[in-house]
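Novice: Sequence:
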Amino acid sequence: MNMLNSVVIEGKAGDVALQRKLFADGKTDRFGFWIESESEARLSDGTVKKTVSTFLVRTYGTLADFCAKKLEAGRVVRLCGSLRREEGESPETYILAEHIEFKPDYGKEEK
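Using numbering that gives the first Met the number 0, read the sequence shown as starting at 0 and increasing by one per residue.
A few of these clues could be false.
To be verified - Restricting the straight-line Cα-Cα distance to at most 27 Å, the calculated cross-link-like pairs of lysine-lysine (BS3-like) are:
| no. | residue 1 | residue 2 |
| --- | --- | --- |
| 1 | Lys68 | Lys11 |
| 2 | Lys102 | Lys48 |
| 3 | Lys48 | Lys69 |
Said to hold, decoys possible - Pair by pair, the computed Cβ-Cβ distance ranges are:
| no. | residue 1 | residue 2 | range |
| --- | --- | --- | --- |
| 4 | Leu3 | Glu100 | 14 to 24 Å |
| 5 | Glu100 | Thr53 | 16 to 26 Å |
| 6 | Glu91 | Thr61 | 42 to 52 Å |
Note that these hints are calculated values from the structure, not bench results. Computed from a prediction, not measured in an experiment: that's the story for all the values here. Idealized CB from N, CA, C, for every residue including glycine.
Could you put the whole structure together from the sequences, leaning on the hints where they help?
Specialist: In structure tokens form, the structure reads like this:
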């Protein structure tokens, strides 16, 4: 059986400098941030329930370096990646981003 481990998610970037590990030359080796995804559900009594899910996202290499320079808290991003889980004393599940799209920020001018 072929197991497919694929995630596509869109949301707002939260704490963007959460986990940053640098190489000796100053380039980013690993960059982590939180992404918040909102959804709404209409209940049987007509009320709307909003839920916010928060996910840890990690990137590596040139994508990590680009995110470290360009990603700001509150910026809407869409990413594709896979779920990963670290082993050890404090295991942690995260999304390993392989592709990130930055949604246009119409409130700000591009620099």
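Novice: Now tell me if each hint is right for this structure.
Specialist: Quick rundown of the hints versus the structure:
no.	hint	verdict
1	Lys68 <-> Lys11	17 Å, holds
2	Lys102 <-> Lys48	26 Å, holds
3	Lys48 <-> Lys69	33 Å, violated
4	Leu3 <-> Glu100: 14 to 24 Å	21 Å, holds
5	Glu100 <-> Thr53: 16 to 26 Å	20 Å, holds
6	Glu91 <-> Thr61: 42 to 52 Å	24 Å, violated
Hints 3, 6, counting from the list given before, are not met by this structure.
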